Each structure stands twice: as C-alpha cells, then as structure tokens.
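Got chain X sorted already, so can you dock chain C onto it with the hints?
Residue numbers (my numbering), protein chains in the order written: chain X, 1 to 107; chain C, 1 to 629.
Treat the hints with caution; some may be incorrect.
[Unchecked claim] Below, simulated EDC-like cross-link-like pairs (lysine to aspartate or glutamate); rule was C-alpha separation at most 16 Å, straight line:
(1) C:Lys221 with C:Glu202
(2) C:Lys341 with C:Glu228
(3) X:Lys81 with C:Asp46
(4) C:Lys145 with X:Glu86
To be clear, the hints were calculated from the coordinates, so they are not data collected in a lab. In this text, all values refer to a predicted model and were calculated from it rather than measured experimentally.
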Amino acid sequence: MAISLTETAANRVEKFLANRGKGIGLRLGVKTTGCSGMAYTLEFVDEMHPEDTTFESHGVKVIVDPKSLVYIDGTELDFTKEGLNEGFKFNNPNVKDECGCGESFTV
Amino acid sequence: MALLQISEPGMSAAPHQHKLAVGIDLGTTNSLVATVKSGMATVLQDEHGHALLPSVVRYMPEGDVVVGHDAQAQQSADPVNTIASAKRFMGRSLKDIADRAHIPYNFVDSSNATKLLQIQTRAGLKTPVEISAEILKTLKARAEKSLGGDLIGVVITVPAYFDDAQRQATKDAARLAGLNVLRLLNEPTAAAVAYGLDNAAEGTFVIYDLGGGTFDVSILKLTKGVFEVLATNGDSALGGDDFDHRIYCWVLDRIRESTSDFNPLSENDTRLLLTKARQAKEWLTDNHEAQIVCRLNNGLLVDVTLSATQFVEFTQQLVIKTLAPTRKAMRDAQLTLEDIKGVVLVGGATRMPQVRHAVEEYFKQTPLTNLDPDKVVALGAAIQANALVGNRSEDDLLLLDVTPLSLGLETMGGLVERIIPRNSTLPVARAQDFTTYKDGQTAMSIQVVQGERELVADCRSLARFELRGIPPMAAGAARIRVTFQVDADGLLSVSAREQTNGVEAHVVVKPSYGLSEDEITHMLKSSFGSAEADKVARMLAEARVSAGAIINSVTLALAADSHLISEQEKQAIETEIQNLQTISQAEDAAAINKAVDALNHATEAFAAARMNASVSHALSGKNLDSINL
Chain X
1 MAISLTETAA
11 NRVEKFLANR
21 GKGIGLRLGV
31 KTTGCSGMAY
41 TLEFVDEMHP
51 EDTTFESHGV
61 KVIVDPKSLV
71 YIDGTELDFT
81 KEGLNEGFKF
91 NNPNVKDECG
101 CGESFTV
Chain C
1 MALLQISEPG
11 MSAAPHQHKL
21 AVGIDLGTTN
31 SLVATVKSGM
41 ATVLQDEHGH
51 ALLPSVVRYM
61 PEGDVVVGHD
71 AQAQQSADPV
81 NTIASAKRFM
91 GRSLKDIADR
101 AHIPYNFVDS
111 SNATKLLQIQ
121 TRAGLKTPVE
131 ISAEILKTLK
141 ARAEKSLGGD
151 LIGVVITVPA
161 YFDDAQRQAT
171 KDAARLAGLN
181 VLRLLNEPTA
191 AAVAYGLDNA
201 AEGTFVIYDL
211 GGGTFDVSIL
221 KLTKGVFEVL
231 ATNGDSALGG
241 DDFDHRIYCW
251 VLDRIRESTS
261 DFNPLSENDT
271 RLLLTKARQA
281 KEWLTDNHEA
291 QIVCRLNNGL
301 LVDVTLSATQ
311 FVEFTQQLVI
321 KTLAPTRKAM
331 RDAQLTLEDI
341 KGVVLVGGAT
351 RMPQVRHAVE
361 EYFKQTPLTN
371 LDPDKVVALG
381 AAIQANALVG
391 NRSEDDLLLL
401 DVTPLSLGLE
411 TMGGLVERII
421 PRNSTLPVAR
431 AQDFTTYKDG
441 QTAMSIQVVQ
451 GERELVADCR
461 SLARFELRGI
471 PPMAAGAARI
481 RVTFQVDADG
491 LLSVSAREQT
501 NGVEAHVVVK
511 PSYGLSEDEI
521 THMLKSSFGS
531 AEADKVARML
541 AEARVSAGAI
551 INSVTLALAA
561 DSHLISEQEK
571 QAIETEIQNL
581 QTISQAEDAA
591 AINKAVDALN
601 HATEAFAAAR
611 MNASVSHALS
621 GKNLDSINL
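Looking at chain X on its own, in the form it has when it is part of the complex (with noise of 0.2 Å):
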C-alpha cells in the first residue's frame, strides 16, 4: 500500500512549498482527538525522523510517520474546490465512520 496525492494536489503543494521558500515536503499523519476518534493533520515537513516513511506521488515527497500509517494507508489526498472553500481532502480507504463534518473519523 502506500500514499498518494492527486496531480491537482501534488502541482498545489508544490506551490505552496515554492511560496514557503523551505521544506523537503508534505507529512500526512492523524491525531487521537476530535469528535470521533481520529483527525487527519497535514503539515509541511522541514526535518524528518528516523523512522518515518517516504512515499513519492508526483514528485512531491509524502512522509508518514509510522503509527500514523497504519490508520492512513492507502490514502489518496486531493485538491477540491467547494464553493468558495477549496483545500486538501484525504480519500481515506480505512474509514469506517466520520463525524459530520469530516474532520474526525473512526476506523
């Protein structure tokens, strides 16, 4: 399995990396709070950890750390756009059961 982004997603991070002027690239992770269960963070990446994963979509460097892989693998991260709000959307496989607004998900 691994983690992927969308091109809509890799050409915005890519973007936003330029516009940042430092960072090797885009860590995807998940968080033991919110309103049900998990939540999905999404940061940009200046140092890595030993034991992180590296994963290549587009030629933008995704880094997982372990314990958050296993409740994200197979995730493809998307752009989208809805309405006036647009921003990145995890396609989450493992997902069983998400609050009502998507932020927090149960696996």
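Relative to chain X, chain C alone:
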C-alpha cells in the same frame, strides 16, 4: 468532508479549532479580504471571481442593502442612496469635507456632541461607520464562505495618517460588522509585510501608496523580518479619485466650449461623467488616447477624445503634490536618496505611467511592482492576522509603527509640553512629573494636545480631563505623574496620578472629530516656518507665568505679613506689582522679566523680615536643646 490546509510543522489545529483569520484592506475605492492558506497569502474572491469589492453601499427602497459591483453600477441612477468613498468621511465632521459641493450626498451635521457627519439616505440617517460596516459584513461573509468557518479575528488596514478619531471609527465599524479586530495596521506597513516576507529583502524602503482617496508615503527599514517605520507622511485627501475629477472637469470645459446654453449637471449626470472619467483614466494606462462618449439626461451628447499627453499635462500638479510629503518623510528619516534600496508602489493609481515616471525620476530608480498594487495591502494584513492568531511557528513578526504628530499637554500660560514626540515608534508609553502652580491647589485640569507648535492655541486639543483630590500643599510641592500611552493601534490613553496620596484620573482619547488633511499639513508646515515666532511666543508665555506666580505669592505674603514692613515699603512693593501687571499685558518678554526682577528687588527687605519673623516664631519659647539643628 472538511477541506484541510497545510500547517506549519507541529502547528496542526485540533478539529473545529482552526484559527481562521483574515486581513481586510478597507479602501476608499475598493476593499479586499485576504487570508493565508497553506502558508500562502491569497486574496479571496467572490462567486464571480472578483477580488476587489467596490467600496460602494446602496440602500434599496425595500430596505435591503447592496454592496459592491451591483451598488456601483447604480451610482448614476441613484446617487443619493448609493454611497461611495465612505472612508473619506470616517471620523469627520461636515466642516472637514472641503469639496462637499462636488459630492452628491445629503450630508447632515449631527446635532450631538460628537459633531460627526451623517448622510441622509432613504434608509434613514447613516454614519460613515455604519456604511463601512456594510462593506466589512460583505467581506466577512465572503471569507467565512471561503474558509468554511467563523473568523476568530481580523487585521484591518488604515492609512498611516488616520488620527485617533478615524482609527476609532474603523474599529467601531468592525464591531458593528461582528468582527474581532486583532489590530489596525498602517497600510504601507502591510504592504511592506507582503513584500518583505515574500522577497526576504533587507534595507531601507519607501512605500509610495497612491490609493483611490489617500496618499501615503512611508519609509521603512526591514531587517531580519523586523519592520521599523522610520517616517510616514502623506495627504489624506489625494488619490486616484482626484485624477478622475480632473478628467471630469476637463470634459465639462469641453462641453462648455461646444454649447452656449450649458446648465449645471444633475446628480445623475455628475455620477455618469465621473464613471466615464475613471474608465478613461484606466484606459490611458495602456493606450495613447481615450474616447469619452455618453448621453446626458438633458439630451446632450458628449463625445470627446482625451490624449494621454493631455491627461499627463493637466494632472501634473496632482503628481507633484505627492512629492512634497515624500520629501518631508525623507527629511524626517534623515535619509538621502542613496539610502533607499527600493521603492514599492501600492494602490491602483500607481498604475498610471506618469506616477511611475515621477517616482522613478525622484528616487532615481525603477520602483518595485511585482505584487499587484491593488492587493498588496490586503496580503500583508492577512500575513499579519495569521501571525497574530498564532498560526506561525516562527517568532511573530514585530511591527513598529510611529505617531504621526507629537502628543503633549497644556502647561501654565498655554504652552505645550511635548510628552511623545512625533515619529515615536508604537506602542509607546512616556511619563513626566508635573506640579501645582498655586498654594493649596487641589485639582488640575489636563488638556491633551496633538501638534508640533509651541502654543496650545496652534495645536489641536484632543481631550481634557481633571485630576481632583490633590492634597493641599504649597505651590510646586505636589508631584503629579502624567503618563501618555499609545497602543499598537495608535490609540492614546492619558493618566495622571498624584504621587503622595495616589489619586488618579485618566482618559482614553476619542476625539470628537478628526483632523483634516489641511490641518495636518498646516500644522506640520507651520511648525517649521514659525520656529522663531514660536520661540518668542514661548518666552513671552513663560515670562507671564513667572510674573503671575510672583504677583500671586507677594500678594499672599502682603495679606499675611504686611505689618512687618513700613507703609512706605509696602507701597513701593504694590507699585512694582501694578507695574508688572501692566507690563505683562504687553508682548515683551524681556520687559516682563525686567519687571519681575524689579519686584523681586523691591521685596528683598520684606522677604528678609518675613524670614526673621518666622524663624523667631519657630524658636520662641524653646530652649536650645529642643531645637534639632
């Protein structure tokens, strides 16, 4: 499924805890809202893809309020109920609006103590604050739709020249719109934030901001992400609108030339021609000539062609008008042209080639224009808002702004004691000790003034308050500490505290109305031009104060102890007092000082007699041991 943005390492927010913050450029002509998404400042667009929201508010017959493009489109059709450029009226009274004859609104001078102007519309009397709040509400709705959540705070930009009343009015408008203002930020500083962070530049920069209705020039020093404003100057009644107006006047002249019976234009026609004038101005940025064609309500067909050369010619004065404040700011910052590393152009009006040329010619370098001059301020505000709500892992950027005019208080004789000099970096707090002028004085009136002149009468009074409950003491014995504090938004609070018993009084300065641009310019200019006159006036006032003080104390002493001296001596003293009183009326400081000396001399014997009397009184009936020498 909620949409996520990329956070800084370790800064991911818990679900539903995203700290949404935006920057708002509340402009005279157009307003914008921007935010930082995934580390990148972006201007938010509306459903139609427009980034700029025209700062136009129309009050509809049904009671609705329409803001932006739709309102702007109806300016000609419904000029009285369609308010544009409300920012120009923020915190102003009617007499501040010099050119109101050209403005088609029904202004009403409010009868209440604030003296702030209002505008009569079909929806009733509206203040500029309420009108601005409608613009802010529209931007707030746009931002919340775009970001998918409630905003926790905003940074709103204001011209560097906005005084306390205008800043307060802006804050009030935000509150009316239901926004939490994190901070007001000077527009040029916001522009510097946008440029400084994006380009990581260091050095001294000039921000030349010619917007729709205001001109600001700021000199900023950028070092390692710290922005220090060295000087600001400007003209709060000069902008792109004035260029439109010149074209409008030029068209009127052409009409007058071509027809013999020319009647004054209706409100609708005025609007229509001003709209056409703006379009022609924008067209001339990239073209050699612009055709202005329209049919007025009275049936008259206007069809004239304006060449770029003509346009440059009759707007040359406006361009030149921007250079005087620019020079002044350079002088305040004590810089020469060689010190300036770059010039940043901000504001849509800087797209005009003649403006770019003038700036280039003055600074002898090509100005920076790589960010959209219309968006730069909003982008900077967004970056600052993002930092203020704590979405950045690095140290928050530190922004140092300055006071545009000196702040001080009135001392005896109508003199100004300057507490915070102009161009002090904000926030700033300064304290100074004052004392009483008369024996047994238990109250002190503190008048807070703004300006560069030596006399209170030549400065602007911001507020007046009283400190009561000073313990009765001899003149000069009380210690009253007056503290002036200007916060990061440029709002002033003044407190006075008597040091022995701790009584305190304070005031937050919310002046009744703002300074006009003319007043500011005049105050600055006259402080340079009248340095000598001010010095003379100060000496005279000081002489009068000391004359008053000595007359006062001698009179009191005579009333108490005149039995110590002969009638002849007493008369001599009284003559000198009268003489001094007469001379004090005249305008000669030297003569007053001379008369003060004469009175001092005349009272020498009396003073010695009083001293002896009081010493013998203190000593009488006591033996030597009990006297603590």
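Review point. Which of the listed hints are broken here?
Key: none
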